[in-house]
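Take these sequences, add in the hints, and give me the full structure.
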Amino acid sequence: MHIINVHTRDRIDFIDITSKISELVKDVKEGIAFVFVKHTTCAIFVNENEPGLLDDLKNVLAELVPENKDYKHNVVDANATAHLRSILLKPFCIIPIKSGKLCLGTWQKVFLAELDGPRNRKVIVFIVGK
Amino acid sequence: MHIINVHTRDRIDFIDITSKISELVKDVKEGIAFVFVKHTTCAIFVNENEPGLLDDLKNVLAELVPENKDYKHNVVDANATAHLRSILLKPFCIIPIKSGKLCLGTWQKVFLAELDGPRNRKVIVFIVGK
Amino acid sequence: MHIINVHTRDRIDFIDITSKISELVKDVKEGIAFVFVKHTTCAIFVNENEPGLLDDLKNVLAELVPENKDYKHNVVDANATAHLRSILLKPFCIIPIKSGKLCLGTWQKVFLAELDGPRNRKVIVFIVGK
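Residue numbers (the working numbering), protein chains in the order written: chain A, 77 to 206; chain B, 77 to 206; chain C, 77 to 206.
Any copy will do: because identical chains look the same in the list, a pair fits if it lies in one copy or spans two.
For lysine to aspartate or glutamate, the following DMTMM-like pairs were computed, each having C-alpha atoms within a straight-line distance of at most 20 Å:
1. K114 / D92
2. K148 / D92
3. K198 / E99
4. K145 / E126
5. K114 / E126
6. K148 / D131
7. K206 / E106
8. K198 / E106
9. K185 / D153
10. K148 / E126
Calculated directly from the structure, the hints in this document are not laboratory data.
Dropping the structure here:
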């Protein structure tokens, strides 16, 4: 089991962690990398690292779970939108591994989605394979 | 492979199944628990067990997939929203295991999301590890 | 590691790939099938194969990530909605296996969701088990 430390820089921030995961699978002939964040206000997703698209994603999250609502959780802690967006985006992904490399498509990158930053986050990577 | 039986109490209901999964991993030094529901109208998610937040989640699901629409599936069976919400929330999750414990963050709990209850649901837990 | 080739027929298209995955698990007593698409504009989901429901899902995706918006990614490539819908639906799933069969519920089928077709897509299936 490996831990990747990620420092996020803004309230909403998408950090490409692909190269950090790639380093961990160099000796794996065939298997799967399981990626998991131990947090309720961030998430993991896989898609293209294109700045315009990442801005579009921020806007989609703002539309799907808008800030200006009377969330009950905000009475406890003023970050309901971060929790709710994390539930939609999910705190994990799986990635196949072959010949020491992640089996990702040309445009696929693995991101930590910070939804209530800036913070220091821990990403667990567990590898099954040989 | 283990089966956890869950009895849900309402049309929409979020049941914390963390302790039931924890009991199954006590002898696992390091691994992953795979959680899967064999149903098309419920789901699995990981987040905080805070009553206000769970109410907020009900409201978000009602906004994203509202009841008052002419869903074609409702001609077959009047539960289209449950299917569509299940597709968004997903019927599975993964959780790393270390030293006989689920590697969850302080606030992370595993929930079965009932979307068309009350019903009896079966949750499969499969553990890979040693 | 197995590859399933899928030819999609329309811009948005949901292809049931359950039988193709089932063929790969016949000799597995107990385990998990991991399903992953190496693409940023399609996804994998599990739910019922009912034509009305699949039409409803198209409408839900059109509501959640509408076409008629000024997406920044469209300056680079006119398929922002496909990327954003893929992020919501996710490019992977897991399915338990028992006695040579996928542990799916009566109504559960595994779908490739084409979001920017028609195209030829590759689905990776990796099996852990014995």
